[in-house]
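J.: Take these sequences, add in the hints, and give me the full structure.
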Amino acid sequence: MRRLLSLTPRAGVLLGCGTPSILEENLWQFPFWGTGLRENPRTMPLTPFIHGIYPFGDPGLGRTPGTLFPKQRGHCPWMKWRSLTQGVSLFSSRQVATQCQLLQTSLGCPSSPQLPQLPDELMSLQDAPGGLFQLPPGDPFPERVTVVWLSVLALAFALVCEPQENLSLAEITLRRLAPRLLVSLRLLVPVPLGARVCFGAPSSPFTPYF
Amino acid sequence: MSPCNDLILSCDEIQDTKLLSLVSSVLLAQGNKGEVAAVGQRVVQVLERRLPEGQSARFLLPVLANVISLSPESLTEEQTNVVSKKLADWLRYASLQQGMAQPSGGFFSSPRTKQPAPITEVDGAVATDFFTVLSVAQHYTQDQWLNVQTFSMLRNWLLCYGGKELDTFNPGATAGGDRCVTAVVPAPATSGQLLPPREHLRDKAFEYCQRLAEQSTRRPLKKDDGDLQKACLIEAVKIVDIICKQDSSYMCRAVSFLKVLHSRICGDATYARALLPIAQFFLNYNKLAAVDSDAICKHLFTDIPAQLFHNPSLAFEFVQFCKDNSQLFTDSSSIFRQSFPNLFKFLAWNSPPLISEFVDLLPFLLDPGTTIEIFHLLLDLPCLTAALDIQLRAAALPASEKAGADPAGKPATCLEAFHHPLYKSMFQYLLRSRSAPEDAPDSLVPLRQLLGSLAGSPRVVQCAETVPVLLELFFRVVAEFADGSLINQLVVLLLQRSDQLYEIPAFKEDVYRVLGSNLAMLCGLRPALVVELSTEILEFSGAVSNIQSKEAIFTHMAWAIGEFLSVSHDKRCTVEQITRFFETLEAVLFEITQLRPQASTPSCAPRAISVLMATLTKLAARSQDLIPRVSMFLSKMRTFVQSPAVTSVYCEEDLEEILIRATELMNLLKMPSVAQFVFTPPVASTRFQREVNDSLPLALRMVTQLLEPAPGSMPV
Numbered sequence: 001m002r003r004l005l006s007l008t009p010r011a012g013v014l015l016g017c018g019t020p021s022i023l024e025e026n027l028w029q030f031p032f033w034g035t036g037l038r039e040n041p042r043t044m045p046l047t048p049f050i051h052g053i054y055p056f057g058d059p060g061l062g063r064t065p066g067t068l069f070p071k072q073r074g075h076c077p078w079m080k081w082r083s084l085t086q087g088v089s090l091f092s093s094r095q096v097a098t099q100c101q102l103l104q105t106s107l108g109c110p111s112s113p114q115l116p117q118l119p120d121e122l123m124s125l126q127d128a129p130g131g132l133f134q135l136p137p138g139d140p141f142p143e144r145v146t147v148v149w150l151s152v153l154a155l156a157f158a159l160v161c162e163p164q165e166n167l168s169l170a171e172i173t174l175r176r177l178a179p180r181l182l183v184s185l186r187l188l189v190p191v192p193l194g195a196r197v198c199f200g201a202p203s204s205p206f207t208p209y210f
Numbered sequence: 001m002s003p004c005n006d007l008i009l010s011c012d013e014i015q016d017t018k019l020l021s022l023v024s025s026v027l028l029a030q031g032n033k034g035e036v037a038a039v040g041q042r043v044v045q046v047l048e049r050r051l052p053e054g055q056s057a058r059f060l061l062p063v064l065a066n067v068i069s070l071s072p073e074s075l076t077e078e079q080t081n082v083v084s085k086k087l088a089d090w091l092r093y094a095s096l097q098q099g100m101a102q103p104s105g106g107f108f109s110s111p112r113t114k115q116p117a118p119i120t121e122v123d124g125a126v127a128t129d130f131f132t133v134l135s136v137a138q139h140y141t142q143d144q145w146l147n148v149q150t151f152s153m154l155r156n157w158l159l160c161y162g163g164k165e166l167d168t169f170n171p172g173a174t175a176g177g178d179r180c181v182t183a184v185v186p187a188p189a190t191s192g193q194l195l196p197p198r199e200h201l202r203d204k205a206f207e208y209c210q211r212l213a214e215q216s217t218r219r220p221l222k223k224d225d226g227d228l229q230k231a232c233l234i235e236a237v238k239i240v241d242i243i244c245k246q247d248s249s250y251m252c253r254a255v256s257f258l259k260v261l262h263s264r265i266c267g268d269a270t271y272a273r274a275l276l277p278i279a280q281f282f283l284n285y286n287k288l289a290a291v292d293s294d295a296i297c298k299h300l301f302t303d304i305p306a307q308l309f310h311n312p313s314l315a316f317e318f319v320q321f322c323k324d325n326s327q328l329f330t331d332s333s334s335i336f337r338q339s340f341p342n343l344f345k346f347l348a349w350n351s352p353p354l355i356s357e358f359v360d361l362l363p364f365l366l367d368p369g370t371t372i373e374i375f376h377l378l379l380d381l382p383c384l385t386a387a388l389d390i391q392l393r394a395a396a397l398p399a400s401e402k403a404g405a406d407p408a409g410k411p412a413t414c415l416e417a418f419h420h421p422l423y424k425s426m427f428q429y430l431l432r433s434r435s436a437p438e439d440a441p442d443s444l445v446p447l448r449q450l451l452g453s454l455a456g457s458p459r460v461v462q463c464a465e466t467v468p469v470l471l472e473l474f475f476r477v478v479a480e481f482a483d484g485s486l487i488n489q490l491v492v493l494l495l496q497r498s499d500q501l502y503e504i505p506a507f508k509e510d511v512y513r514v515l516g517s518n519l520a521m522l523c524g525l526r527p528a529l530v531v532e533l534s535t536e537i538l539e540f541s542g543a544v545s546n547i548q549s550k551e552a553i554f555t556h557m558a559w560a561i562g563e564f565l566s567v568s569h570d571k572r573c574t575v576e577q578i579t580r581f582f583e584t585l586e587a588v589l590f591e592i593t594q595l596r597p598q599a600s601t602p603s604c605a606p607r608a609i610s611v612l613m614a615t616l617t618k619l620a621a622r623s624q625d626l627i628p629r630v631s632m633f634l635s636k637m638r639t640f641v642q643s644p645a646v647t648s649v650y651c652e653e654d655l656e657e658i659l660i661r662a663t664e665l666m667n668l669l670k671m672p673s674v675a676q677f678v679f680t681p682p683v684a685s686t687r688f689q690r691e692v693n694d695s696l697p698l699a700l701r702m703v704t705q706l707l708e709p710a711p712g713s714m715p716v
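Residue numbers (the UniProt record's numbering), protein chains in the order written: chain A, 1 to 210; chain B, 1 to 716.
Hints are supplied without guarantee of correctness; some may be wrong.
[Claimed, not checked] SDA-like, lysine to any residue: derived pairs with alpha carbons at most 20 Å apart: (1) B:K230 to B:D268; (2) B:K230 to A:E171; (3) B:K323 to A:P137; (4) B:K238 to A:P137.
In case anyone wonders, no lab produced these hints; they're calculated from the structure.
T.: Laid out in structure tokens, this is it:
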């Protein structure tokens with residue numbers, strides 16, 4: 001299981017995985033996603049590895065992964081699924097932030113601590129810095145995973161894939177998703193460094209599932 | 001467990017496909033095998049039937065993709081055949097007309113419907129063949145959505161259900177563990193089809209991949225479409241690979257298809273990432289088909305890293321490719337092994353994401369033939385980064401500026417030096433594509449000095465940080481196979497190269513630390529080298545500047561001399577040799593423990609002083625004529641630690657430690673036979689003996705207490 005989409009800025013937001021149906025359904029219900037996505041399957045060309053987005057609470061805010069999925073009595077053969085959720089809870093923004101900072105350093109770009117104003121229109125992210133790296137088994141996912149990351153303004157987005165995935169496609173998908181996620185975030189106040197922000201307003205259609 | 005039956009969620013009764021997909025995602029999240037099977041069954045049931053008006057299957061395919069990745073065995077063979085047939089139809093027979101926009105309604109909307117326009121290719125031309133993910137439209141029909149979704153999940157579907165093994169289905173298989181659900185009997189072909197469903201899907205999938213390859217030759221109007229073309233091509237090649245694995249009758253078509261594709265894209269840098277799955281295909285079937293993978297791999301390993309090392313995604317995938325095919329590196333004459341200088345360019349330029357990958361890869365590159373060259377390469381890795389930087393900048397210069405500077409004079413900048421006769425061959429060697437130990441220039445010192453101006457560049461610094469990690473691993477791997485001659489070679493080079501490192505202070509510190517500890521390790525592996533390499537070791541140990549600038553190496557060298565210069569380790573060790581070493585080290589110790597240090601006297605770490613004292617004592621214990629000299633020296637240490645010039649340089653604890661050590665050693669020398677035993681134990685081959693060695697400080701303290709039961713009886 002590798003369908004994890006996480007926002008990992010200097011603040012941190014973790015979004016987890018669901019099914020593509022949730023993604024599509026909620027994209028339509030969110031007016032600010034725009035109609036372009038609804039109409040055009042090519043903006044989401046090969047979606048097996050993006051199953052969806054659901055809000056994932058930071059354990060520090062009182063929610064733990066265990067409460068997202070009801071406990072099963074008896075033997076649960078779904079180690080892969082369960083370990084994914086455990087991996088999700090442990091996946092820290094640190095690795096992505098580190099890679100992002102190292103790349104920025106090597107390119108000679110100073111990192112700015114302030115969150116700049118987010119633009120209103122969807123911006124093109126063709127030239128946004130990004131990269132690929134691997135996490136070894138056990139750190140934190142039970143199997144080896146490849147992380148595709150993209151840095152936009154003061155945020156970073158990461159997509160966690162299985163090693164044999166089509167990584168070119170993962171990068172394209174991330175670059176296409178990121179502007180829409182940025183727009184939907186609409187951070188109105190600067191987020192303090194190190195804070196974790198939950199995605200999902202009270203009126204969000206995500207909430208009935210949790 | 002639900003408190004009430006009405007709250008149990010079930011997908012059995014749901015007719016609306018959109019609702020079904022939403023409910024399914026909740027059910028799949030339960031982590032219950034039964035629920036997944038139920039969802040899988042229901043989805044296939046719905047897909048089997050003709051859907052009512054307004055309902056679309058496109059909400060269900062993603063659910064199905066989820067089901068098969070969670071639990072492929074949820075579907076029966078009959079169900080997979082039904083779905084395979086539908087998938088094949090969606091792949092091949094999607095509509096060639098664009099979809100209609102949703103009617104906007106309103107007072108002035110036209111009652112007449114517009115004619116739908118045909119789909120186009122990415123270059124704007126009207127499409128002449130079937131619809132694929134690379135076809136363009138303003139709006140899409142339902143079956144075009146399904147076409148794209150089918151392609152999305154095609155690889156997984158083929159991996160799960162495309163195989164033809166005759167093992168029986170095992171209900172006890174763990175979820176996700178067994179990707180290939182097996183077929184016992186192929187389903188009977190339905191009327192109108194020539195092939196059974198599985199084969200039919202394979203056939204359409206192959207056609208689809210060929211179509212994608214054709215579509216990728218077109219020049220896209222939008223850059224986004226260009227990226228999509230490449231990604232789809234990669235996916236297509238991987239699918240063709242799977243198809244051939246499952247049905248070898250496709251091999252001929254696949255080979256010619258991929259050969260043509262390869263020759264088309266091999267000169268195009270933007271398609272470089274697609275070369276990897278193509279090469280993988282030819283490697284996979286190297287033995288089967290009369291397929292020659294050599295030419296393709298040669299191009300891949302010789303040209304691509306040299307030209308495209310700066311592309312981080314390609315670098316990452318290339319290194320993964322090497323790791324996935326690591327068994328090919330074991331043949332020392334193969335292009336894989338010979339190309340290691342090229343591979344390190346990826347690491348030199350993209351250090352942070354690739355260091356952990358190279359930690360995995362390095363052991364496969366090391367063998368007795370490559371050890372020395374890789375040793376040099378690792379120490380020069382930051383130089384390689386700087387040289388690559390120069391190479392990139394030189395390539396970007398306009399032609400007019402490329403003509404080299406005056407060959408008679410010295411180049412003013414690194415860029416000028418790139419083509420300058422003085423430096424050209426050194427650059428070329430550093431930037432070589434293949435292993436070439438015999439071409440090594442006598443020295444790269446001038447080049448390192450020239451590149452010193454880039455030592456502060458962030459990329460160079462990042463690369464430098466990876467070197468100690470790799471060096472440590474290098475020694476660990478080499479220790480496993482190195483014979484005596486190679487160990488000796490390494491030690492000599494280690495001492496030589498300690499003077500010839502790229503001028504980055506933190507880098508040099510870390511490298512010295514690793515070299516020092518591994519020097520001790522090598523001496524432990526082969527103690528006789530202390531005698532065999534006595535010339536080089538004496539030269540190194542006798543240079544007082546080394547104790548200051550390379551303290552870590554010096555200290556370990558001195559320790560190794562004390563440990564291993566003895567007859568018990570090498571019969572050729574003579575009294576003269578012991579004396580020679582003694583005198584060399586004594587002179588150094590004398591120099592650094594002067595009571596009135598000059599400005600030129602090197603300061604050094606207290607640990608170095610302690611180790612030198614211990615080594616001299618050990619040597620004296622073996623050649624007892626030297627005992628009086630050492631004892632006298634040690635007795636002067638009290639004056640040394642108390643002298644005002646020295647107390648200002650070292651802290652109190654360190655001086656105290658030095659004095660205690662000196663006292664212990666002196667006391668030990670009062671009992672020469674005990675000293676001999678303590679300092680020259682038999683070669684530690686058992687754990688007990690090793691523990692004796694480790695407890696040397698304890699032994700020293702015990703002896704001291706035996707000799708000085710009362711406090712205050714310190715030597716004068």
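J.: All the hints need checking, so say for each whether the structure fits it.
T.: Consistency of the hints with the structure:
1. B:K230 to B:D268: Measuring from Cα to Cα gives roughly 11 Å; hence the hint holds.
2. B:K230 to A:E171: holds, 12 Å
3. B:K323 to A:P137: Measuring from Cα to Cα gives roughly 15 Å; hence the hint holds.
4. B:K238 to A:P137: Since the Cα atoms of K238 (chain B) and P137 (chain A) sit roughly 24 Å apart, the hinted pair is violated (cutoff 20 Å).
Hint violations for this structure: number 4 only, all remaining hints satisfied.
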